[in-house]
Amino acid sequence: GAVVSQHPSRVICKSGTSVKIECRSLDFQATTMFWYRQFPKQSLMLMATSNEGSKATYEQGVEKDKFLINHASLTLSTLTVTSAHPEDSSFYICSATPGSENTEAFFGQGTRLTVV
Amino acid sequence: GESVGLHLPTLSVQEGDNSIINCAYSNSASDYFIWYKQESGKGPQFIIDIRSNMDKRQGQRVTVLLNKTVKHLSLQIAATQPGDSAVYFCAENWGTGRRALTFGSGTRLQVQP
Chain D
1 GAVVSQHPSR VICKSGTSVK IECRSLDFQA TTMFWYRQFP KQSLMLMATS
51 NEGSKATYEQ GVEKDKFLIN HASLTLSTLT VTSAHPEDSS FYICSATPGS
101 ENTEAFFGQG TRLTVV
Chain A
1 GESVGLHLPT LSVQEGDNSI INCAYSNSAS DYFIWYKQES GKGPQFIIDI
51 RSNMDKRQGQ RVTVLLNKTV KHLSLQIAAT QPGDSAVYFC AENWGTGRRA
101 LTFGSGTRLQ VQP
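Chains as they are written, first to last, in our numbering: chain D, 1 to 116; chain A, 1 to 113.
Hints listed in this document are in silico derivations from the structure and should not be mistaken for laboratory results.
It is possible that part of the hints are untrue.
[Said to hold, decoys possible] In silico DSS-like pairs for lysine-lysine, Cα to Cα no more than 25 Å straight-line: (1) D:Lys41 to A:Lys42; (2) D:Lys14 to D:Lys66; (3) D:Lys14 to A:Lys56; (4) D:Lys20 to A:Lys42; (5) D:Lys20 to D:Lys55; (6) D:Lys64 to D:Lys14; (7) A:Lys56 to A:Lys68; (8) D:Lys20 to D:Lys64; (9) D:Lys14 to D:Lys55.
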């Protein structure tokens, strides 16, 4: 199947600093990628839809100025958590779908962010 | 934020037994469903999918059943193995074009050797 690669897999940062997470589609082009957040023992919650060449669409309650998304190419979307605080500690996962129709979504390996 | 004390439903089975994991969905417009397996610290891994024009689909050791009348989805795993231990999520989508999946709450499967 298609491969989505996410980096880094783990990051620890100090409160107040910013962290960038990369999501790459390795063998297909993705004009749309999705960013999810997952807290322990919970399901995946959609944060935002990343659109190549245009602004991201954020879900209700997700601060766009805090979670900056850039989708500058057809194979790369980045999520930057700005001025991170301990409550931002979570598991962040990206996904992308090859093609234009609703088919299986492929997920990155996830990034465990710990803010200390 | 995080819900303190929230626990995933857990299904515990013996190795070799069959497992059935259930999922209820709420959007009657959903027409595409996927089951994912998530191991600790990893992203979801595709298991099997089904579209709404079908009520059953089989893969290798797995079967997905869809009951649109009661908006219910199930995943059956035959001859469950210790490597099947993980959290299983159902996900749904609808319409054409790319939309984000909506995930169910998940079930933890524990396989006892």
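Status of each hint after checking the structure:
1. D:Lys41 to A:Lys42: Given pair Lys41 of chain D, Lys42 of chain A holds - Cα atoms ~13 Å apart, limit 25 Å.
2. D:Lys14 to D:Lys66: holds (16 Å)
3. D:Lys14 to A:Lys56: Violated, at about 49 Å.
4. D:Lys20 to A:Lys42: holds (19 Å)
5. D:Lys20 to D:Lys55: Judged against 25 Å, a Cα distance of about 17 Å means the pair holds.
6. D:Lys64 to D:Lys14: Holds, at roughly 21 Å.
7. A:Lys56 to A:Lys68: Holds, because 11 Å separates the two Cα atoms, which is no more than 25 Å.
8. D:Lys20 to D:Lys64: holds (14 Å)
9. D:Lys14 to D:Lys55: Violated, at roughly 28 Å.
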